[in-house]
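Here is what each chain is made of, one letter per residue.
Number of protein chains: 4
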Amino acid sequence: MGLEKPLVINIMKDIQSQRDERFINIRKVGVKDISYPITVLDKANKVQHTLAKVNMYVNLPHQFKGIHMSRFIEVLNRFHGRINFRSFHAILKEMVERLQAEAAHMEIEFPYFLKKKRIINKPELIEYRCSMYGTLDSSDSLSLKIDVPISPPTPVQIDSGLPGSLGLWGFARTSLSFRHFIWIEYIIDMVEKVTSHDLRWPVDKRAAAERYLSVESMADSLAQKLVTHPDICKFKVTVENFARGFTTYASIQGP
Amino acid sequence: MGLEKPLVINIMKDIQSQRDERFINIRKVGVKDISYPITVLDKANKVQHTLAKVNMYVNLPHQFKGIHMSRFIEVLNRFHGRINFRSFHAILKEMVERLQAEAAHMEIEFPYFLKKKRIINKPELIEYRCSMYGTLDSSDSLSLKIDVPISPPTPVQIDSGLPGSLGLWGFARTSLSFRHFIWIEYIIDMVEKVTSHDLRWPVDKRAAAERYLSVESMADSLAQKLVTHPDICKFKVTVENFARGFTTYASIQGP
Amino acid sequence: MGLEKPLVINIMKDIQSQRDERFINIRKVGVKDISYPITVLDKANKVQHTLAKVNMYVNLPHQFKGIHMSRFIEVLNRFHGRINFRSFHAILKEMVERLQAEAAHMEIEFPYFLKKKRIINKPELIEYRCSMYGTLDSSDSLSLKIDVPISPPTPVQIDSGLPGSLGLWGFARTSLSFRHFIWIEYIIDMVEKVTSHDLRWPVDKRAAAERYLSVESMADSLAQKLVTHPDICKFKVTVENFARGFTTYASIQGP
Amino acid sequence: MGLEKPLVINIMKDIQSQRDERFINIRKVGVKDISYPITVLDKANKVQHTLAKVNMYVNLPHQFKGIHMSRFIEVLNRFHGRINFRSFHAILKEMVERLQAEAAHMEIEFPYFLKKKRIINKPELIEYRCSMYGTLDSSDSLSLKIDVPISPPTPVQIDSGLPGSLGLWGFARTSLSFRHFIWIEYIIDMVEKVTSHDLRWPVDKRAAAERYLSVESMADSLAQKLVTHPDICKFKVTVENFARGFTTYASIQGP
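Residue numbers (my numbering), protein chains in the order written: chain A, 1 to 255; chain B, 1 to 255; chain C, 1 to 255; chain D, 1 to 255.
Source of the hints: derived by calculation from the structure; they are not laboratory data. In this text, all values refer to a predicted model and were calculated from it rather than measured experimentally. Built from N, CA and C at the ideal position, the CB exists for glycine as well. Don't take every hint at face value.
Said to hold, decoys possible - The list that follows gives simulated cross-link-like pairs (lysine-lysine, DSS-like), each with its CA atoms no further than 30 angstroms apart:
no., chain 1, residue 1, chain 2, residue 2
1, B, Lys53, C, Lys116
2, B, Lys32, C, Lys32
3, D, Lys32, B, Lys225
4, C, Lys32, B, Lys117
5, A, Lys53, C, Lys43
6, D, Lys32, A, Lys53
7, B, Lys93, B, Lys236
8, B, Lys116, C, Lys193
9, C, Lys43, C, Lys193
Said to hold, decoys possible - Quick list of simulated restraints, FRET-style, between CB atoms:
no., chain 1, residue 1, chain 2, residue 2, range
10, C, Asp33, A, Phe181, 41 to 47 angstroms
11, D, Glu102, A, Trp183, 33 to 39 angstroms
12, A, Lys234, B, His229, 54 to 60 angstroms
Claimed, not checked - Residues from chain A that keep clear of chain C, each with C-beta distances beyond 10 angstroms, as calculated:
no., residue
13, Lys28
14, Arg82
15, Ala90
16, Lys117
17, Thr135
18, Glu216
19, Ile232
20, Glu240
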């Protein structure tokens, strides 16, 4: 088999070379799932140390020949301690240059922590999964994704003896690209105003329930907030609910 | 380093050989995370095809020398299509013999499906994570673990407009060893009678809430059912709740 | 807050209604991560029972109003025991009809098992992660993705005392859409001929190593096989390598 | 059902109360999977910011009554920024006191990063999964677990054209309790000296291969190092290998 193989490959290469230019035009190389300590801007404490999963890849024009995978790690190491929104463009530019690529992409996924008063009255450290995704090709784009957990308050009077929440209802995943810098805290607050709406208010409980406790209406409410926001140019919002052993979800993309 | 190493090892071996008999007395070898299609007894349909994760290991008396890891797989393959409660003992016995072991252990984890009417009135296929764990040494033991998801009904009148459940509240993990064969269906029903107790009954709503919606009281209620059951000789029950971004749990072991 | 909210929403709705038609045009609803037992066509044994993770979603024209999430499950249950390549189109069609959708999508991910002689000479049950993905909108498409694990043979003479393989090198992920039905077995064989190429042949060991043990050259070799295949109309191949604590990969898309 | 229930429970409680004292004697409550930013001692840089998964639980003497789950979080928050080897005992003591428990347990799992020259000659940030586990009851114990990835060098001459490593061979999991403080770095170095032993040395290649590339012999070599170490009082070592689609492992416990 070893001997015939090169022959077969050569023949295929001839056929291939004719098809190549027209057809096979997307070639990517990259690195995935790199655990990497990063520092994120934090409104209350200036910086927050956290741990990212990093994915980096480039599009290549013709051939894979001569790619040094270690260069991805070298670029990452050069920005050690300075990986954030502001350096994203510079990192992507260095990827394009060092790997002689047509386009560069990077995704950084990390947990972000905020002290919040939830359920009980003492502040807890709540975890929000975030990710930043940037692309550099002819144009330049950067987006931010945030997962906000949803545990709606128990919809009965406070003296019922029931706990404040009846479970993890689901998540609101908001993905944004924006015109100006936005604090992660700001987006989380905006989302939580919609998702944790207090169902205990006495007037028209039924209408409230209908509006707030379906994935469709919650996605709608969030989309309405995002589509009119002056600093947000594109968004996608997905609301997920775990109430039934599997996940139901609704998703809206805009503008 | 290569040259000095064997020397160092030999010296250590001498020290070691004196300590060995007194101290290092637990040596195990095994295989883990083998995906394997199995057939489980099903009360309604006789058998159910599912997919297991299999872990097998043995205790060895003195030395690892001469272990053939492939023998674990050979034993498994010989019982292909016949892996269940009844064959567990035979599989463990063959492990002891073929691997000349002092003791043999096997764990089989699999999802089990039951048609249940939940929330909506149409039957859904509900997934219950199960596992069987067996040991064969001087004695012989077999236990069964079942995870039952908990989504308590919304604690208000049915005409409130609210959905039937407000989220995945948590899980009840029941681990049992028994005197006589027990159907998986029977245990699931027993657990669900406690965990899905209808909070909409009008009398003493507050007391009901208190009793049923804390991990401690739910674990207590389950333990009371299990400790008095004539066919169950040992149990462990753990109730987990996801309402707060992390998991709280309570666990009771008996008898 | 409860009182002001509806007002704000109404104002936004007016703004929104003008933007809606032009901008927010992608609305999806669906279900995710449903564990579901399925039956797959198997070349050697006719059928194979396995366990799928099912994702289903639809695109909606204007509004979410009136969606019954339970209908996804009803459709799935109606095809219970008949979910496979051949029924995919019918399932998607029923989703479009029952949910009054513009487009329907379904993904079914499942492990597929084959008896293979690997490393040792006895047949083992090897697990291959597969997934089928189908879309029905104006046109109709169906694709198949298969993950083939790569454990290249140890590149030295067979009498070296070394084990047959030195680790899990990585995976080859092949994603295909095709003109005619293709057996899963056929694609796996095709991939394994490239990925497990025996490096022990004596001639030009160095060239062989270079060709076969980089993600780029392995992706190239696979792409050459796929691009010339008469039954395959589109493909994507990604080769991943775990040798370094993170994953490196190369990906080619064609034709 | 609601009406009969309390009656049944009362009867069971009577039976139960007689059995309680003799039988049901292990009651635990706790919190699990809390994501929490921590600071770990680092030999080269003094401290290292990382992200832990925290599990905390206590054993309770008689009853669950009156447990406040939020107290676990309060204890954790009081030690925010000071969670490490040295504070472990104080945290456990505070858990016992605040929850009026018989015993307290805490496990902290976190990734630890070290700059290492691996395969290529430039330093990479390598991730090691670590966990600390402490118990406070009549006595007091603390142990440290470290996972060291194993990618043995390719066992042929350096000019073969082959990459430096042929895959992720597996992991060495070392679990220790010790008499004196030991640096994480020290244990990792000790383990890597055994697991990455260079197979390219010319003398007796066959013997080397046999000794180093089986999970049994690698576990033996590690146990020999640990059993004779003056600062280590107890250990467990498990070596896992991924070469075959499932995991094989060997484990030794001592002294």
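Here is how each hint holds up against the structure:
Of the supplied pair hints, the one linking lysine 53 of chain B and lysine 116 of chain C holds, its CA atoms being roughly 19 angstroms apart against a limit of 30 angstroms. Taken as a hint, the lysine 32 of chain B and lysine 32 of chain C pair is honoured in the structure, with Cα atoms around 28 angstroms apart against an allowance of 30 angstroms. For the hint linking lysine 32 of chain D to lysine 225 of chain B, the alpha-carbon distance of about 26 angstroms falls within 30 angstroms, and the restraint holds. Taking the CA atoms of lysine 32 of chain C and lysine 117 of chain B, the gap is about 20 angstroms. The hint holds against a cut of 30 angstroms.
About 40 angstroms separates the Cα atoms of lysine 53 of chain A and lysine 43 of chain C, which puts this hinted pair outside 30 angstroms; it is violated. Proximity of lysine 32 of chain D to lysine 53 of chain A is assessed by CA-CA distance (about 22 angstroms); at most 30 angstroms being required, the pair is judged to hold. Taking the CA atoms of lysine 93 of chain B and lysine 236 of chain B, the gap is near 26 angstroms; set against the 30 angstroms cutoff, the hint holds. Of the supplied pair hints, the one linking lysine 116 of chain B and lysine 193 of chain C is violated, its CA atoms being roughly 46 angstroms apart against a limit of 30 angstroms.
For the suggested pair lysine 43 of chain C and lysine 193 of chain C, the alpha carbons sit about 19 angstroms apart, so the restraint of at most 30 angstroms is met. Checked against the hint of 41 to 47 angstroms, the pair aspartate 33 of chain C and phenylalanine 181 of chain A fails, with Cβ atoms roughly 35 angstroms apart. Distance hint for glutamate 102 of chain D and tryptophan 183 of chain A: a CB-CB separation of about 46 angstroms, inconsistent with the stated range 33 to 39 angstroms. Separated by about 59 angstroms at the C-beta atoms, lysine 234 of chain A and histidine 229 of chain B satisfy the suggested range of 54 to 60 angstroms.
At roughly 4 angstroms, the least C-beta separation between lysine 28 of chain A and chain C is not larger than 10 angstroms, which violates its mark as non-interface. The Cβ of arginine 82 of chain A sits about 20 angstroms from the closest Cβ of chain C, beyond the 10 angstroms cut-off, so the non-interface label holds. Taking the minimum C-beta to C-beta distance to chain C, about 22 angstroms, the non-interface status of alanine 90 of chain A holds against the 10 angstroms cut. Here lysine 117 of chain A stays apart from chain C, with its beta-carbon at least about 16 angstroms from theirs, past the 10 angstroms limit.
The Cβ of threonine 135 of chain A sits about 16 angstroms from the closest Cβ of chain C, beyond the 10 angstroms cut-off, so the non-interface label holds. With a closest Cβ-Cβ approach of about 3 angstroms to chain C, glutamate 216 of chain A is found to fall inside the 10 angstroms limit, against its non-interface label. Distance to chain C confirms isoleucine 232 of chain A as a non-interface residue, since its nearest Cβ pair spans about 12 angstroms, more than 10 angstroms. At roughly 7 angstroms, the least C-beta separation between glutamate 240 of chain A and chain C is not larger than 10 angstroms, which violates its mark as non-interface.
Against the hints set out earlier in the document, violations occur for numbers 5, 8, 10, 11, 13, 18, 20.
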